[in-house]
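**Student:** These are the residues of each chain, in order.
2 protein chains.
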Amino acid sequence: MELVKIYECLCDPTRLRLLHVLAQGPVCVCHFQAVLGEPQVKISKHLAYLRARGLVESERQGNWVIYALPAKPSRELQANLACLQDCARGNPVFKRDLARLKQIEPSCAWVRAGEPQKAPGQCRGG
Amino acid sequence: MELVKIYECLCDPTRLRLLHVLAQGPVCVCHFQAVLGEPQVKISKHLAYLRARGLVESERQGNWVIYALPAKPSRELQANLACLQDCARGNPVFKRDLARLKQIEPSCAWVRAGEPQKAPGQCRGG
DNA sequence: GAAGCGTATTCCTTGCGGAGAATACGGTTG
DNA sequence: CAACCGTATTCTCCGCAAGGAATACGCTTC
Chain A
79 MELVKIYECL CDPTRLRLLH VLAQGPVCVC HFQAVLGEPQ VKISKHLAYL RARGLVESER
139 QGNWVIYALP AKPSRELQAN LACLQDCARG NPVFKRDLAR LKQIEPSCAW VRAGEPQKAP
199 GQCRGG
Chain B
79 MELVKIYECL CDPTRLRLLH VLAQGPVCVC HFQAVLGEPQ VKISKHLAYL RARGLVESER
139 QGNWVIYALP AKPSRELQAN LACLQDCARG NPVFKRDLAR LKQIEPSCAW VRAGEPQKAP
199 GQCRGG
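Top line first, the protein sequences correspond to chains A and B.
According to the numbering used here, the stretch in the first sequence is residues 79 to 204, in order.
According to the numbering used here, the stretch in the second sequence is residues 79 to 204, in order.
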C-alpha cells in the first residue's frame, strides 16, 4: 500500500515540519536549518528519507540543494498534505516555523524565481 | 505533537484496515478476524495499540469486546479519518474488507443496536 | 466449579528508524 | 589546485514495533 509509505513519512515531527514548510514553496537545506533550528545532519537525513519515498523532489543549484513538493503528487499524497495543512493550523510549532520562514524569505527570492543564484557564500540570514 | 501519534497509528496496513472498517460502525474482534483474514493475536495487538493512543474505544459485552471509533474524536483525528476514507476509495484491499463485512453484517445487528446479546457461542459466520 | 468460548498478554526474535559524530562529496572561488 | 561552503553519507548505539507461539484472563454455560 502506497498509503502506508505516506504515513510512515508523516509519523515524525521533523518531517511533518519539513513538509509543512514546503507547502509555502521550494526551500534549500540551510534555510531549513534556520527555520527548524535543527542540526544539518538531521535535516538532511529526513529530507533523504522523504525523497526516497517520493514525498519531495530536489534540484541542485550550485552549492545549494533546493527541495520542493513533487510537481505531480498522487491523489493520496495530495489529500494528506492538505489534511496536514489543515491540522497544522493553530499549532504553535508550525506557526513558529512559518514565522521564521517569512523572516528569511527575502534571501529566498531567487529560489522562488528559479534563477541561478549569484548570491555570496553566506546563506543564513541573508 | 498529538498529530505524530495519529500518524504512527496510521502507518501500518493492518491498523489502516481496522480503522477503515470501523468507520462503518462498531465491530467485535472475531468479526475483524473474519473480515481481515488475519490471526487473532495480530488483530488484538493492533487494536490494543490503537486504544492505547485513543484512536479507538472498546466495550465488553459478555464474551465479546466491541471496538468503535471514539465518540468525541479530536479535530486532527476527525480530519485524518476522513482523509483515510477518501484515500481508501478504489483500493482493492479496503473494498474487499467492506464486502466481507457486509456479508457478516446480519450477525452484527445486535452490536449496532447496542443490545446485550443472547446469541449462541458461534460468533463467526452467524 | 469445570469446561468452553472470545480476547488479552507475555515472551521471544527480528528488523527498521532516530540521533549524533565524523567524514566524504560536489561545486564554487581565488 | 587549494581552500571553502553547503550537503550527503557513513558508522554506531539505542529503542521500539511487528510477528508468532504459548499462555493467561474474563465471562458464560451446564
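Treat each hint with caution, since some may be false.
Which copy? The list can't say, so a pair holds if one copy fits it or any two copies do.
Claimed, not checked - DMTMM-like cross-link-like pairs, simulated, lysine to aspartate or glutamate; straight-line CA separation at most 20 Å:
no.	residue 1	residue 2
1	K150	E183
2	K180	E154
3	K173	E80
4	K173	E137
5	K150	D90
6	K150	E80
7	K173	E154
8	K83	E137
Since the hints were derived computationally from the structure, they do not count as laboratory data.
**Student:** Give a verdict on every hint.
**Tutor:** Here's how the hints hold up against the structure:
1. Taking the shortest Cα distances, K150 and E183 never come within 20 Å of each other, neither inside one copy (25 Å) nor across copies (40 Å).
2. In this assembly of identical chains, K180 and E154 lie within 20 Å of each other by CA distance neither inside one copy nor across copies; the values are 29 Å within and 26 Å between.
3. In this assembly of identical chains, the alpha carbons of K173 and E80 lie at most 20 Å apart only when taken from different copies (16 Å versus 29 Å within one copy).
4. Taking the shortest Cα distances, K173 and E137 never come within 20 Å of each other, neither inside one copy (27 Å) nor across copies (39 Å).
5. In the homo-oligomer, the alpha carbons of K150 and D90 never lie at most 20 Å apart, since the shortest distance is 23 Å inside one protomer and 25 Å across protomers.
6. Taking CA atoms no more than 20 Å apart as the test, K150 paired with E80 passes inside one copy only; the shortest distance there is 15 Å, against 29 Å between copies.
7. In this assembly of identical chains, K173 and E154 lie within 20 Å of each other by CA distance solely across copies; the values are 16 Å between and 25 Å within a copy.
8. Taking the shortest alpha-carbon separations for K83 and E137, neither the intra-copy value of 23 Å nor the inter-copy value of 32 Å comes in at or below 20 Å.
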